[in-house]
Amino acid sequence: QQPVQSPQAVILREGEDAVINCSSSKALYSVHWYRQKHGEAPVFLMILLKGGEQKGHEKISASFNEKKQQSSLYLTASQLSYSGTYFCGTAGGTSYGKLTFGQGTILTVHP
Amino acid sequence: ETGVTQTPRHLVMGMTNKKSLKCEQHLGHNAMYWYKQSAKKPLELMFVYSLEERVENNSVPSRFSPECPNSSHLFLHLHTLQPEDSALYLCASSQELGGRGNQPQHFGDGTRLSIL
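Protein sequence lines, in the order shown, are assigned to chains F and C. If you want our numbering, it's the position in the first sequence, counting the first as 1, plus 32. If you want our numbering, it's the position in the second sequence, counting the first as 1, plus 437.
Chain C with its partners taken away, still in its complex shape:
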């Protein structure tokens, strides 16, 4: 139990489907993050939210659309994905956004996404 819950754990979808990934944190944190973890590549930051406001979009294609309705929930809406988008998508949270990376991040177990 990490305090950050992601659903679903596994998702298989076609390129024309629309689906959403959900993240919920039970830690009372104010900042939330989406990361992409591909095989043999470093963790890639996708989006950062602080107090429900997006503060970072790390050059992510528009087929990925994040939503943060409150500080406990974060969604990643997926539409018209490509095979190269198959990866593990990790959600994380931290107490505050933190200047100069001074806040530890707590990760969920991730959603394993496969694009057919």
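Looking at chain F on its own, in the form it has when it is part of the complex:
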């Protein structure tokens, strides 16, 4: 069963912040975040593992609430280059390489 992402789309001005959420009805052991620009490959952003710490990379960070089976991706002081579709991919306890992806959140950053 696929995770559910919210919101489906976000429009921002440069410098604004955004939060993208990913929720699952199944027990999760890991959550991946990827960004895909139109016509390009999805690019890996980060993995959050059960029992692990909140991850961060420059102005993009994420958290994983194991009890709620939810993850959130935080984009602060957004840049034009942040535009794209963000996907979460989740893995349960018996998954070996098998990720189930959400439907994606389209993020558009305007000047």
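Some clues are possibly wrong.
[Unchecked claim] Straight-line Cα separation of at most 30 Å, DSS-like style, residue types lysine-lysine; simulated pairs:
id	chain 1	residue 1	chain 2	residue 2
1	F	69	C	478
2	F	130	C	459
3	F	130	F	91
4	C	478	C	459
5	C	459	F	58
6	F	69	F	130
7	C	477	C	456
8	C	478	F	130
9	C	477	F	100
10	C	478	F	100
11	F	58	C	477
12	F	58	F	99
13	C	455	F	130
14	C	478	C	455
15	C	459	F	69
16	F	69	C	477
17	C	478	F	99
18	C	477	F	130
19	F	130	C	456
These are calculated hints, taken from the structure and not from any lab test.
With chain F held as given, fit chain C onto it using these hints.
Structure of chain C alone, referenced to chain F:
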């Protein structure tokens, strides 16, 4: 340059044709994946290979036939496809198969497939 190269980038074929998609990874990874990305649908995992052995067939119709001759190359052979098979087909690789999804996946740019 993503380290995962897919060819061709675009493919148009009739329903009775046979064609193949190719994926090559230059990252020294041991696991490779095929995904289908349709408009307004989530990425769907099709096949998983680890050290050239297929470990996952995610209920994919037999008109799609994968082949992994070595850990650097992955093919998807197509035969008698249907219009609903039109989609972007993405290849990905990871260092290892990884337990519980602990391995990041590196994607190619995909092959845009159109079935006439």
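We went through each hint and held it up to the structure:
Note on residue 69 (chain F) and residue 478 (chain C): the hinted pairing holds, with a Cα-Cα distance of about 16 Å set against a maximum of 30 Å. Restraint check for residue 130 (chain F) and residue 459 (chain C): satisfied, since their Cα atoms lie roughly 21 Å apart, inside the 30 Å limit. Between residue 130 (chain F) and residue 91 (chain F) the alpha-carbon distance is near 28 Å, which keeps this suggested pair within the 30 Å criterion. A distance of roughly 23 Å separates the Cα atoms of residue 478 (chain C) and residue 459 (chain C); the hinted pair therefore holds under the 30 Å criterion.
Straight-line distance between C-alpha atoms of residue 459 (chain C) and residue 58 (chain F) comes to about 34 Å, which puts the hinted pair past the 30 Å bound. The straight-line distance between the Cα atoms of residue 69 (chain F) and residue 130 (chain F) is roughly 23 Å, inside the 30 Å bound, and the hint therefore holds. Under the criterion of a C-alpha separation no larger than 30 Å, the hint pairing residue 477 (chain C) with residue 456 (chain C) is consistent with the structure, at around 25 Å. Restraint check: the Cα-Cα separation between residue 478 (chain C) and residue 130 (chain F) comes to about 17 Å, which is no more than 30 Å; the hinted pair holds.
A threshold of 30 Å between alpha carbons decides the hint, and for residue 477 (chain C) with residue 100 (chain F) the separation of about 26 Å falls inside it, so the pair holds. Taking the CA atoms of residue 478 (chain C) and residue 100 (chain F), the gap is near 24 Å; set against the 30 Å cutoff, the hint holds. Annotation: proposed proximity of residue 58 (chain F) to residue 477 (chain C) holds, straight-line Cα distance about 23 Å (limit 30 Å). Of the supplied pair hints, the one linking residue 58 (chain F) and residue 99 (chain F) holds, its CA atoms being roughly 11 Å apart against a limit of 30 Å.
Of the pairs offered as hints, the one joining residue 455 (chain C) and residue 130 (chain F) holds, with about 28 Å between alpha carbons and a cut-off of 30 Å not exceeded. For a cut-off of 30 Å, the pair hint linking residue 478 (chain C) to residue 455 (chain C) stands: about 26 Å separates their Cα positions. For the proposed pair residue 459 (chain C) and residue 69 (chain F), the alpha carbon gap of about 22 Å is at most 30 Å, so the pair holds. Of the pairs offered as hints, the one joining residue 69 (chain F) and residue 477 (chain C) holds, with about 15 Å between alpha carbons and a cut-off of 30 Å not exceeded.
A threshold of 30 Å between alpha carbons decides the hint, and for residue 478 (chain C) with residue 99 (chain F) the separation of about 27 Å falls inside it, so the pair holds. A C-alpha spacing of about 21 Å is found between residue 477 (chain C) and residue 130 (chain F), which places the hinted pair at or below 30 Å, so the restraint holds. With a C-alpha separation of about 26 Å, the suggested pairing of residue 130 (chain F) with residue 456 (chain C) holds against the 30 Å cut-off.
Hint violations for this structure: number 5 only, all remaining hints satisfied.
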